[in-house]
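Participant: For the record, the sequence lines run as chains A and B.
The numbering of the first sequence is this note's numbering, which starts it at 270 and goes up by one.
The numbering of the second sequence is this note's numbering, which starts it at 270 and goes up by one.
Warning: the hint list may mix true and false statements.
Identical copies carry no separate label here, and so any pair may be met within one copy or between two of them.
Claimed, not checked - The calculated DSBU-like cross-link candidates involving lysine-lysine, where the alpha carbons are at most 35 Å apart (straight line), are:
hint	residue 1	residue 2
1	K296	K546
2	K296	K409
3	K474	K346
4	K413	K537
5	K474	K353
6	K282	K546
What the hints contain is simulated information worked out from the structure, not anything from laboratory work.
Letter by letter, the chains look like this.
Number of protein chains: 2
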Amino acid sequence: MNRQQLIDLIRRKKSYLCVGLDSDISKIPSHLLDTEDPVFEFNKQIIDATIEYSVAYKPNLAFYEARGLTGMNSLYKTTEYLEKFKNECFTIADAKRGDIGNTSTQYARAFFDKESSGFNFDAVTVAPYMGEDSVTPFLKFNDKWIIVLALTSNKGASNYQFIADKADVKLFEQVLSTTANWGTPENTMFVVGATRAEMLTEVRKIVPDHFLLVPGVGAQGGSLEEVANYGLNNDCGILVNASRSIIFASGLPDFAEKARAEALSMQKLMESTLKTKGIL
Amino acid sequence: MNRQQLIDLIRRKKSYLCVGLDSDISKIPSHLLDTEDPVFEFNKQIIDATIEYSVAYKPNLAFYEARGLTGMNSLYKTTEYLEKFKNECFTIADAKRGDIGNTSTQYARAFFDKESSGFNFDAVTVAPYMGEDSVTPFLKFNDKWIIVLALTSNKGASNYQFIADKADVKLFEQVLSTTANWGTPENTMFVVGATRAEMLTEVRKIVPDHFLLVPGVGAQGGSLEEVANYGLNNDCGILVNASRSIIFASGLPDFAEKARAEALSMQKLMESTLKTKGIL
């Protein structure tokens with residue numbers, strides 16, 4: 270999916286919601302455990318319940334890899350199911366990969382090259398530490414995206430990401446400006462955590478046009494209003510991810526209904542912020 | 270495998286060689302392509318040919334993930350095969366993972382918890398960018414190791430890893446000293462690339478006792494003598510990885526024989542450096 274298609278999708282759904290499919294089998298409703306593939310069944314029902322309000326889905330690979338081939342099989346079935354909604358959602362492999370050049374090329378195939386791996390995600394999250402040759406191989410695929418970790422939503426973000434060099438440039442700022450030179454706003458996004466919403470002002474000075482993937486709203490405590498206030502640009506320019514607050518809104522048989530209600534409530538707030546900013 | 274067992278293994282084999290199983294199917298000898306699982310067959314023959322001289326094996330996940338479930342199945346069969354040599358080699362999942370705390374816990378299960386994922390590696394490589402809670406969940410498993418990226422062997426390493434803060438501490442130095450506080454030399458190693466062997470002197474000032482995993486010897490151009498000279502400590506303290514220079518020493522039916530010769534030649538040099546340093 271290219272940038273214009275993504276923007277059109279956001280305008281159509283009046284939403285910039287991304288649903289994180291962090292489908293931990295120990296947390297899914299127990300009545301699903303008797304089905305053939307509980308995690309896939311859970312994801313399917315979550316997708317059906319939220320597709321009207323969500324523009325993106327982001328399975329985090331860790332939750333699938335933790336269960337080995339069984340887990341990866343659930344993920345394949347989930348992505349196949351998402352193909353039915355190809356023009357209705359953007360898909361993100363939250364994998365945080367990155368390796369030396371010839372190896373990152375293999376990771377790019379793992380997430381983008383359906384013939385090779387079976388996966389056909391629109392985007393993959395990428396870790397910046399190893400620099401240019403670890404990032405650029407992902408950019409060789411048309412209409413595919415990298416989403417590079419800049420400022421993450423977790424506590425450990427403060428260990429390195431705020432380290433300032435002698436010119437007072439912080440590491441996450443270096444990552445933003447350096448990575449922006451390797452790709453374009455047509456193929457590069459950045460992860461900027463909602464738990465540090467006030468930092469979005471600084472981020473927007475460096476990358477005014479790029480899309481930002483903003484995790485940390487919901488279970489991690491970030492505020493959607495603040496994110497919208499500091500992060501929206503004229504093309505919307507943000508995807509706000511919520512995982513646990515939506516998919517585990519209820520652990521009972523009404524989980525899909527409750528997920529839908531939670532997604533709708535976020536969509537309504539998003540619609541209002543898009544109108545306030547004159548984007549709708 | 271714990272630290273003492275690893276040291277004993279190194280003394281027994283007179284080697285600190287790690288063989289990287291970056292088994293790219295497009296590079297394996299064509300006569301294997303007719304077998305049921307060419308990548309597993311290739312790995313099996315490489316392991317058989319090198320086990321006498323190698324103390325560790327390090328499959329890089331990217332080469333398996335690129336081929337989807339088929340690739341992951343080859344990797345499972347490879348790790349099962351390696352279990353036969355359980356006391357004869359240390360196994361490393363080169364995966365460069367790292368995510369927020371609850372997600373890194375899932376990645377730890379993916380590589381260490383056999384009942385959950387089917388994998389039972391001794392160690393996993395970890396990316397440092399997301400900080401403490403992305404790293405420490407891996408340390409909760411007994412006799413399992415993290416190998417944290419500090420100074421990598423690729424060109425892109427220079428983008429961020431050498432950035433110095435106001436006290437002139439470089440990012441990779443911060444990563445070494447900060448990570449060393451979360452774990453111990455019993456469960457933590459660091460990646461330090463051989464292409465920057467002279468930097469090992471600086472590294473050893475910060476982490477004198479930790480094991481270092483040193484990639485970049487061979488195809489990437491690093492020198493084994495220099496690595497030994499700057500990197501060895503009293504317990505050996507290094508694992509030198511070679512991937513392409515061993516596994517693709519020949520692309521013909523003699524590939525295993527040539528791999529064995531290459532591994533033997535490295536082992537001989539390693540034995541000599543261990544003797545020079547008084548470790549043997």
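Participant: It remains to establish, for every hint, whether it holds in the given structure.
Facilitator: Here's how the hints hold up against the structure:
1. K296 to K546: Classified as neither: same-chain Cα gap 37 Å, cross-chain 54 Å, threshold 35 Å.
2. K296 to K409: Cα proximity of K296 and K409: across copies only (21 Å, versus 38 Å in one copy).
3. K474 to K346: neither (40 Å within a copy, 50 Å between copies)
4. K413 to K537: within (29 Å within a copy, 47 Å between copies)
5. K474 to K353: neither (38 Å within a copy, 56 Å between copies)
6. K282 to K546: within (16 Å within a copy, 67 Å between copies)
Consistency with the previously given hints fails for numbers 1, 3, 5, ordered from lowest to highest.
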